[in-house]
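Asker: The lines below spell out each chain.
There are 2 protein chains.
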Amino acid sequence: MKHHLAVLALALGIGAAQAQTPSTATPPTSAPPLQVREIGSLHVGGRVRALDGMPVREMVPSPGAPPIRVDPNGEFMVEGMYAQYVKLAAPRARQPLLLWHGGGLTGVTWETTPDGRPGWQMYFLRQGHDVYVSDAVERGRAGWARFPEIFAGEPVFRTMGEGWGLFRVGPQEGWSRDPARRKAFPDTLFPVAAWDAFARQSVPRWSTTDSQIQAAYNDYVEKVCPCVIVVHSQGGNFAFNAALAAPGKVRAVIAIEPSGTPSAMTDASPLKDVPHLIVWGDHFGDSPFWQRIRGNVERWAGAIRDAGGTADILDLPAEGVRGNSHMLMMDRNSDEVAARIQGWMERRGLMR
Amino acid sequence: MKHHLAVLALALGIGAAQAQTPSTATPPTSAPPLQVREIGSLHVGGRVRALDGMPVREMVPSPGAPPIRVDPNGEFMVEGMYAQYVKLAAPRARQPLLLWHGGGLTGVTWETTPDGRPGWQMYFLRQGHDVYVSDAVERGRAGWARFPEIFAGEPVFRTMGEGWGLFRVGPQEGWSRDPARRKAFPDTLFPVAAWDAFARQSVPRWSTTDSQIQAAYNDYVEKVCPCVIVVHSQGGNFAFNAALAAPGKVRAVIAIEPSGTPSAMTDASPLKDVPHLIVWGDHFGDSPFWQRIRGNVERWAGAIRDAGGTADILDLPAEGVRGNSHMLMMDRNSDEVAARIQGWMERRGLMR
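Protein chains in written order, with the UniProt record's numbering: chain A, 1 to 352; chain B, 1 to 352.
Just chain A, same shape as in the assembly (with noise of 0.2 Å):
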């Protein structure tokens, strides 16, 4: 192990001490302050949804406080969502960099790691980037409407466990309720002693909204943007449909890990001018599920290089790094990780 992390080290470029516990090599009190011109949030998109017939109730708010009469009648505002951007008082990125979470979690994937480290929107911030994090809808403080009146089906909870095999982080069998017991791939570079606090920022999901959250999306990006999107999972198709629906707005795509793509029908020529960088961890020969899923994705890069487009990818155990987990943004390199995303963007002119 202690050799293994040697070798991963001089393939980072970093000292092994500083592999096992990379956040002593940014400590945040070292770090020159922030220079913020603003810290703030929005919600964008949805609509207005009536229900009548249903009957009255009383509930009493706050323990001490008189019942008060609750109509579930009326107009409901829906489909929304949240972001909350902080803006620099001199950005060196062209436009603000969008950060948007995979299924089943919320724009606090990109804040600080489940195990305490600055995440990538303090990552972004510091390379100059204005940094907006979103809540897709239904997720987060985008809110979630009444189901089944306006949301189709139920919400889906994800287990403690089930991320365990999904995300690439040990096989599924390795997974155990006591922290003690769970096998996690021997070289994996998620903060495994972190799993329990990682499972608090799960929240529930439904697999029947996505058009209302697309729709939310392209509000989002028809508000905030020129933009760059860095997208996680789940949050790729969303993504690259996003920028299909304005390319002249989206100035590029990071796609980590991306779980889906548009159609294989989808004329991927409106893309030809929005650059796509797809980024894999590793683990995908323990995955069937996960090599299915990049061959798709792969499939639509192809799409856009055929069409004259750009879509690089970043494969990190090519390039030497292994162990990432599906979550990159919070393994133990995150912050090597984002580095090169951000030569990449250094490389493609998007910043100043």
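Since the hints were made in silico from the structure, they are not lab data. Bear in mind the structure is a predicted one, so any value in this text is a computation, not a measurement. Fair warning: there could be bad hints in the mix.
Unchecked claim - Below are the EDC-like pairs computed for lysine to aspartate or glutamate, each with C-alpha atoms no more than 16 Å apart in a straight line:
# : chain 1 : residue 1 : chain 2 : residue 2
1 : A       : K183      : A       : D286
2 : A       : K87       : B       : E38
3 : B       : K87       : A       : E38
4 : B       : K183      : B       : D286
5 : B       : K183      : B       : E173
6 : B       : K249      : B       : E222
Stated by the list, open to error - Each pair of labels, with its calculated beta carbon distance range:
#  : chain 1 : residue 1 : chain 2 : residue 2 : range
7  : B       : V60       : A       : G128      : 36 to 44 Å
8  : A       : A90       : B       : D286      : 45 to 53 Å
9  : A       : E173      : B       : P67       : 19 to 27 Å
10 : B       : D312      : A       : N73       : 39 to 47 Å
11 : A       : D315      : B       : D178      : 51 to 59 Å
Idealized CB from N, CA, C, for every residue including glycine.
Following the hints, put chain B in place on chain A, whose structure we already have.
Answerer: Relative to chain A, chain B alone:
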């Protein structure tokens, strides 16, 4: 109306034009940059709950991806809460300021106002506080749990119109789906043209989760305090109880229109060294519901004083500031209300 605004403006000590569009008074672009040390987030509290005996299903995680088996049985990490922090390079406040939202809402309450002005998060950052903005259990980025298996009962969804009367923006019968036909109180300071934007901030709530919410808030105080808590509406009761549970860690409680209190039997003496400030807006005369709440809260304030403590009341109309709604931090004079709170903190020795 113009005359009224002029009178109001006089009371606030600002020009009438500024009273109509207060955002012009402090455009964020002209203010000096905030010197920020770190932006990040954390989840605290919660517990593992196991479910079994429910049927397995298939779902497609995103379009184009192969279906996956979803087994709803297993362990779930539930009932934690979320907080995001902005830490300054050189805070002037002696301890961080924690902003706790009210019922059916999230930490978004404290961010940009529905009409797009900087919110209290920015105001207090600019005054030199490290600011934490949280989402209580079941709201926003805290996530929510399967019901009725884990959360008892069903969620409650606020209609777009419910807050019109409940938040004392206008008489409930003044609500209309049609923005042009809505009748607000003539002197309301709520930015009524942004009502629909405010409605986007609503999230579902339960009326059965108070003990879980309180437990997580207590864990939160244990983790990040010493601190000062600014709390709104339904959060009031949680903050009063959190201060009772950890009087040595809570340096002050500033309750903005709190809607609940500990029971009348509760011994307030642990709070004798925890100064409290209660802030009330206008139009209590139009709401017997709020008169009862206020009576309960002021009895609790009296109990704190009887125990030798401090419980000050900031009654804005009594100070000549008319027209504030329940959503003081969104009202057009939000910065002026914040300035009075800041003044109280200065006088209480909470700043360096």
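Asker: Indicate, hint by hint, whether the structure satisfies it.
Answerer: Evaluation of the provided hints:
1. A/K183 <-> A/D286: holds, 14 Å
2. A/K87 <-> B/E38: holds, 14 Å
3. B/K87 <-> A/E38: Measuring from Cα to Cα gives roughly 14 Å; hence the hint holds.
4. B/K183 <-> B/D286: holds, 14 Å
5. B/K183 <-> B/E173: holds, 8 Å
6. B/K249 <-> B/E222: holds, 8 Å
7. B/V60 <-> A/G128: 36 to 44 Å: Holds: the Cβ-Cβ distance is about 39 Å, inside 36 to 44 Å.
8. A/A90 <-> B/D286: 45 to 53 Å: Taking Cβ atoms as reference, A/A90 and B/D286 lie about 48 Å apart, which means the hint holds.
9. A/E173 <-> B/P67: 19 to 27 Å: holds, 21 Å
10. B/D312 <-> A/N73: 39 to 47 Å: holds, 41 Å
11. A/D315 <-> B/D178: 51 to 59 Å: Because 55 Å falls inside the window, the suggested range holds.
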